[in-house]
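Number of protein chains: 4
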Amino acid sequence: MTAPMEASNKIINIAVVGYGYWGPNLVRNFSELNTARVHTVVDLNPKLLELVNKRYPATKTTTDFQEMLRDPEIDAVAIATPVNTHFSLAMAALKAGKHVWLEKPMAETSLQARSLVEEAEKRGLILHVDHTFIYTGAVQKIKSLIDSGELGKVLYFDSIRVNLGLFQRDVNVISDLGVHDFSILDYLFNEHPIAVSASGINHFPGTPENLAYITLFYESGLIAHANVSWLAPVKVRQILIGGSDKMITYDDLEPSEKLKIYDKGVSFTDDPKKIHEMRVGYRTGDMWAPKLDGSEALRVEGEHFVDCILTGKTPITDGRLGMRVVEVIEAATSSMRGRGETVHLPRQGSSK
Amino acid sequence: MTAPMEASNKIINIAVVGYGYWGPNLVRNFSELNTARVHTVVDLNPKLLELVNKRYPATKTTTDFQEMLRDPEIDAVAIATPVNTHFSLAMAALKAGKHVWLEKPMAETSLQARSLVEEAEKRGLILHVDHTFIYTGAVQKIKSLIDSGELGKVLYFDSIRVNLGLFQRDVNVISDLGVHDFSILDYLFNEHPIAVSASGINHFPGTPENLAYITLFYESGLIAHANVSWLAPVKVRQILIGGSDKMITYDDLEPSEKLKIYDKGVSFTDDPKKIHEMRVGYRTGDMWAPKLDGSEALRVEGEHFVDCILTGKTPITDGRLGMRVVEVIEAATSSMRGRGETVHLPRQGSSK
Amino acid sequence: MTAPMEASNKIINIAVVGYGYWGPNLVRNFSELNTARVHTVVDLNPKLLELVNKRYPATKTTTDFQEMLRDPEIDAVAIATPVNTHFSLAMAALKAGKHVWLEKPMAETSLQARSLVEEAEKRGLILHVDHTFIYTGAVQKIKSLIDSGELGKVLYFDSIRVNLGLFQRDVNVISDLGVHDFSILDYLFNEHPIAVSASGINHFPGTPENLAYITLFYESGLIAHANVSWLAPVKVRQILIGGSDKMITYDDLEPSEKLKIYDKGVSFTDDPKKIHEMRVGYRTGDMWAPKLDGSEALRVEGEHFVDCILTGKTPITDGRLGMRVVEVIEAATSSMRGRGETVHLPRQGSSK
Amino acid sequence: MTAPMEASNKIINIAVVGYGYWGPNLVRNFSELNTARVHTVVDLNPKLLELVNKRYPATKTTTDFQEMLRDPEIDAVAIATPVNTHFSLAMAALKAGKHVWLEKPMAETSLQARSLVEEAEKRGLILHVDHTFIYTGAVQKIKSLIDSGELGKVLYFDSIRVNLGLFQRDVNVISDLGVHDFSILDYLFNEHPIAVSASGINHFPGTPENLAYITLFYESGLIAHANVSWLAPVKVRQILIGGSDKMITYDDLEPSEKLKIYDKGVSFTDDPKKIHEMRVGYRTGDMWAPKLDGSEALRVEGEHFVDCILTGKTPITDGRLGMRVVEVIEAATSSMRGRGETVHLPRQGSSK
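Chains as they are written, first to last, in this note's numbering: chain V, 13 to 364; chain S, 13 to 364; chain B, 13 to 364; chain Y, 13 to 364.
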């Protein structure tokens with residue numbers, strides 16, 4: 013819990029660091045909020061800053077990160093740079109007393125992630141990790157279906173997240189694509205995985221793994237699997253969630269019916285007379301595709317971030333969630349390099 | 013290589029053992045061949061035999077397997093009984109000098125499978141395992157695309173084979189569904205996996221595992237994965253095969269365009285000047301869905317079996333292929349129970 | 013209303029005439045009913061009758077239609093011969109006192125259809141026309157959604173029914189494919205079209221029209237359209253039904269979710285202040301795919317036919333429905349040959 | 013043929029009139045060209061002009077269309093206003109010596125369209141109508157497949173273009189959606205339709221027709237059909253084109269495989285011995301989805317417009333094409349109001 017900003021009609025000044033692939037989306041998004049403005053954009057490349065000058069003449073630009081940090085007008089720093097710079101930049105921003113919005117994954121190691129979480133908590137600053145998917149209408153709807161008990165006991169989560177490219181040079185495909193599933197899992201279930209087994213391969217020597225299969229085991233009996241690849245001929249973004257009462261398919265590429273809820277399940281008989289027969293019964297019924305909130309997730313997330321700064325609330329995707337996601341990436345990568353050997357994760361009931 | 017039958021216009025007399033789920037398909041299929049006839053049907057259930065009498069008045073029926081074996085008119089025995097009876101029934105048939113058609117998986121253990129293979133080879137009898145998928149137009153087309161080099165180097169094989177039910181009581185989902193992928197892999201590639209890592213779960217105590225994820229590792233760098241489940245809200249039968257030059261999607265539920273070949277791939281530069289840039293390039297081009305041979309696979313397979321008996325040829329899906337498939341099931345099940353621990357498979361270069 | 017048969021446990025003896033494309037389905041289907049049996053099969057081709065003898069040894073066969081009519085054991089005659097023989101065969105059967113099941117379309121002209129209807133009514137015999145689609149779970153569900161008012165006022169019906177082949181020699185594509193839509197429309201709505209405009213073409217001289225577009229106009233404001241073709245590269249069987257409250261898509265090729273009901277519609281404002289603005293509002297909501305009755309339609313229809321014979325009830329797809337369908341085919345064909353000129357249909361409120 | 017501009021490196025100054033729905037796309041698009049710039053934006057609504065000032069500070073804005081016309085720096089005027097203003101604005105622009113880019117449909121009546129064409133030709137000015145679809149990779153590919161003879165003789169064109177809304181107040185659905193098909197047809201085939209039959213309805217009194225079915229007849233035997241609606245629960249943008257050798261499906265909503273070419277067709281035998289049998293044979297083969305040029309159509313079209321101004325070339329979608337499209341809209345609307353009565357179109361061989 014952080015200390016709220018005093019005035020309710022304060023405009024939050026944000027500095028965006030990194031104007032490469034994702035940075036421009038952050039600048040556009042923060043610019044459109046009523047409660048925030050983009051005060052400064054930082055990038056090492058002056059050509060990218062020229063683009064900012066043209067499109068946003070009222071926004072300052074600089075190549076000097078430290079100079080930006082010294083500006084007392086700036087309330088928050090949004091960091092959209094390569095992963096290997098996240099820790100040092102975010103730590104410096106926190107130490108300069110700035111709230112931080114950090115791209116995912118939040119750090120290269122869980123140790124780094126933990127340091128950032130502790131620094132932010134010590135200083136009463138907001139540390140927000142940009143797991144955008146959590147703020148989509150689809151994930152919000154799934155969360156409410158699970159929490160209301162409509163699915164029954166959730167038995168499995170199965171995700172396919174594949175396409176051709178883009179090969180990353182500095183992070184493997186687990187860190188690039190699996191990160192989405194790990195954050196969604198953390199948000200949906202009040203449970204941290206207890207073990208992970210992963211396999212994967214780098215087909216091209218000297219590059220990170222471009223294809224991986226990750227299984228997460230949970231104490232409740234839930235099992236989760238992610239199939240992630242940069243080397244598929246077709247793009248797939250599909251999640252199955254099976255409950256004892258109902259089951260969900262979530263196809264993120266479907267324009268209008270992303271979520272389908274199947275009134276399907278299995279039931280068991282304990283009738284001893286049937287002990288030698290099939291004891292599993294099937295139930296199939298209607299399918300239902302709810303209308304989803306179509307708001308842009310990044311917009312919802314941006315408003316939430318600013319609201320947390322203004323009111324002192326803890327972000328939904330706070331540093332602790334981000335840290336647990338990094339722990340899973342770390343464990344999965346370790347298991348993958350051991351060809352599937354089980355890697356155990358620490359219990360974290362208290363920290364959720 | 014077995015000794016060919018003398019006369020070319022001989023009609024092969026087949027006994028079908030087991031008239032439950034699959035047996036009726038075998039009887040119908042063998043009945044329609046010009047070179048074979050169903051001489052006898054064996055089942056322990058007299059009611060099922062009544063059905064045979066009505067539909068096929070010229071076919072003998074009996075509940076006595078041994079009696080059938082003693083009939084010198086019978087050339088071959090097709091066994092479609094539960095897996096746990098395969099070994100004893102097939103061994104008895106071989107010892108009685110009959111050629112054998114055996115449902116998949118051919119045995120519960122690889123030791124049993126090996127005994128059957130050795131018995132058949134010793135006696136010069138045909139031992140055919142019914143891996144029907146191999147005889148489909150789709151798998152035949154994939155095989156020819158791989159063998160002609162059109163895909164380039166094959167990098168991965170990724171299969172999803174899920175639906176709701178039928179829960180089996182005596183075998184797990186790897187044995188029930190993964191078996192298809194293992195046989196297709198064995199047929200497509202001249203390579204036996206060297207290690208396997210699998211995870212899975214039985215959501216309902218006292219039943220076999222109903223959901224599993226299996227990764228197979230090959231010495232050439234090929235990686236294969238199968239996602240199999242009896243607990244999915246939708247039926248999926250989809251395989252992706254990625255080559256360095258082209259990639260395939262194979263959707264077995266698609267009525268008319270099961271196979272799509274994508275002129276897509278990645279290329280790498282070794283240009284030292286680009287060492288700090290992205291070194292992976294993408295190539296995308298046309299997609300092509302070849303017309304497939306639409307013959308019923310079971311019909312093609314039946315003719316092949318009879319042809320092997322008549323000519324002494326080795327079946328495509330002979331006992332050795334069936335044995336290698338059982339080895340993979342065994343290793344995958346073992347790994348699954350160890351939560352993904354790597355299980356190594358014996359080298360079998362010589363036996364392929 | 014016809015006179016009911018006396019005994020409730022009577023078995024109805026049916027003669028099936030025509031054992032070509034559809035006849036075998038009728039024989040199989042009537043054979044499986046508990047309340048009926050296939051007494052005789054008539055066909056001019058002795059080779060086809062040999063097939064019957066093999067498959068159904070208890071069924072009589074003959075090439076002599078008149079001989080069959082003289083057999084007093086036969087209660088009902090099912091006619092599955094080319095359309096140009098329907099009238100004479102059905103009339104002879106009715107005059108011989110037999111109930112009649114007639115394939116669709118029931119006759120070549122509406123005059124012929126009317127004669128058959130009047131003959132059956134005069135004699136108190138069942139005249140059933142085989143519009144199988146009416147007995148599917150999908151059409152039954154649509155009917156109940158319309159009748160319950162759930163769709164609101166139905167505004168349009170739009171059907172696409174195209175594929176490659178089979179080119180017919182004796183009937184055009186309206187008679188072959190449009191017939192399904194016309195019977196579904198007659199069943200769903202308590203209204204006969206008042207006018208029709210159709211266009212179409214025979215691309216190959218000397219053959220019937222192979223592609224046609226038909227619009228039906230109704231007094232209530234409903235408009236219906238059917239796009240039918242034997243010359244499409246893909247098979248499509250899709251119907252849209254738009255209501256003021258909800259809308260339906262019905263895809264008959266979809267294996268599991270044939271029917272989707274969209275909570276979508278438009279609303280209008282009469283607010284005079286908005287007279288210069290858009291006065292149409294949109295409403296979009298959930299989509300819902302109800303589980304359908306999966307019974308085989310032909311089985312349901314067969315039971316209904318026999319039940320009508322036994323109880324004297326009027327079949328759902330009686331001769332009057334069949335006659336109205338022929339009237340629409342006739343009018344549509346006439347309009348098509350006049351390149352879309354409006355053809356008016358007689359009012360038939362009283363006869364429904 | 014118009015007189016080319018002198019200097020090849022001249023920058024064309026464009027005024028965009030109308031900054032409502034489509035105008036902003038034109039401004040963005042022309043701004044990105046190297047050979048043109050947006051000199052002025054005209055709109056009656058000062059609030060919309062403020063938006064322009066913010067986004068494009070170097071662009072002039074005015075509410076006075078006449079004032080803009082008097083500016084000698086302006087070479088060309090792009091008109092994106094309601095259809096009922098097209099004629100007067102475009103005529104004024106031509107009379108002021110400006111080249112004109114006009115949104116579709118180019119005018120309310122074919123008489124108006126003809127006046128504009130004649131005025132432009134008299135003055136040697138470019139009159140370009142914005143039929144954007146013509147410039148897509150998909151339509152360009154279809155054109156080349158037809159022109160190369162790969163489809164064989166084209167037999168039919170069948171388009172479905174439906175969705176929910178937007179209801180227009182001033183134009184009917186033929187003018188709003190059918191216009192796309194009519195322009196594509198004009199571009200693909202060297203033939204003007206000779207007759208049209210259309211049906212349609214306005215479900216809501218006082219509004220234009222919201223659903224229509226249009227059939228176009230061509231002298232060559234080609235038949236074309238468009239199904240257009242603002243009242244469908246799902247969005248469909250699908251065209252089938254059937255040739256005697258190959259057939260095409262074009263699904264504009266498909267992200268990656270918009271065009272599929274089927275090696276399917278029919279063949280006829282004239283063998284007199286087969287006169288009583290089926291004389292139509294079917295051929296089915298591979299399907300092929302070519303990679304399409306992914307350039308933004310509006311960008312390609314903008315460059316083409318500027319190129320025509322600079323070189324004096326005639327635009328692909330010139331006023332004559334636009335006029336023929338208006339003729340078809342006019343004839344179809346007239347037929348629709350006569351419930352399908354055939355409306356004949358003038359021969360226009362000379363003008364193509």
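Check the hints yourself; a few may be wrong.
[Stated by the list, open to error] Capping the alpha-carbon separation at 30 angstroms, the derived lysine-lysine pairs in DSSO-like fashion look like this:
#: 1; chain 1: Y; residue 1: Lys155; chain 2: B; residue 2: Lys247
#: 2; chain 1: B; residue 1: Lys134; chain 2: B; residue 2: Lys325
#: 3; chain 1: S; residue 1: Lys247; chain 2: S; residue 2: Lys155
#: 4; chain 1: Y; residue 1: Lys165; chain 2: Y; residue 2: Lys270
#: 5; chain 1: Y; residue 1: Lys66; chain 2: Y; residue 2: Lys155
#: 6; chain 1: V; residue 1: Lys107; chain 2: V; residue 2: Lys134
#: 7; chain 1: B; residue 1: Lys134; chain 2: B; residue 2: Lys165
#: 8; chain 1: S; residue 1: Lys153; chain 2: Y; residue 2: Lys153
#: 9; chain 1: S; residue 1: Lys153; chain 2: S; residue 2: Lys134
#: 10; chain 1: B; residue 1: Lys165; chain 2: V; residue 2: Lys270
#: 11; chain 1: B; residue 1: Lys134; chain 2: B; residue 2: Lys153
#: 12; chain 1: Y; residue 1: Lys272; chain 2: S; residue 2: Lys303
#: 13; chain 1: V; residue 1: Lys134; chain 2: V; residue 2: Lys153
#: 14; chain 1: S; residue 1: Lys303; chain 2: B; residue 2: Lys270
#: 15; chain 1: V; residue 1: Lys272; chain 2: B; residue 2: Lys153
#: 16; chain 1: S; residue 1: Lys22; chain 2: B; residue 2: Lys66
#: 17; chain 1: V; residue 1: Lys107; chain 2: V; residue 2: Lys153
#: 18; chain 1: S; residue 1: Lys272; chain 2: Y; residue 2: Lys107
#: 19; chain 1: V; residue 1: Lys153; chain 2: B; residue 2: Lys325
#: 20; chain 1: B; residue 1: Lys270; chain 2: S; residue 2: Lys272
#: 21; chain 1: V; residue 1: Lys270; chain 2: Y; residue 2: Lys155
#: 22; chain 1: V; residue 1: Lys303; chain 2: Y; residue 2: Lys247
#: 23; chain 1: Y; residue 1: Lys165; chain 2: S; residue 2: Lys272
[Said to hold, decoys possible] Every beta carbon over 10 angstroms from chain Y, so not counted as near; a handful from chain B, in silico:
#: 24; residue: Ser43
#: 25; residue: Arg67
#: 26; residue: Gln78
#: 27; residue: Gln152
#: 28; residue: Gly212
#: 29; residue: Ile235
#: 30; residue: Met259
#: 31; residue: Ser307
#: 32; residue: Arg351
#: 33; residue: Glu353
#: 34; residue: Leu357
Please keep in mind that the hints were generated in silico from the structure rather than gathered at the bench. Note that the structure is predicted; figures quoted are calculated from it, not measured. Glycine is no exception: its CB is placed at the ideal position from the N, C-alpha and C atoms.
- Task: Run the structure past the numbered hints and jot down the numbers of the failing ones, going up.
- Result: The structure conflicts with hints 5, 7, 9, 11, 13, 17, 18, 19, 21, 28, 29, 30, 32, 33, although it agrees with all the remaining ones.
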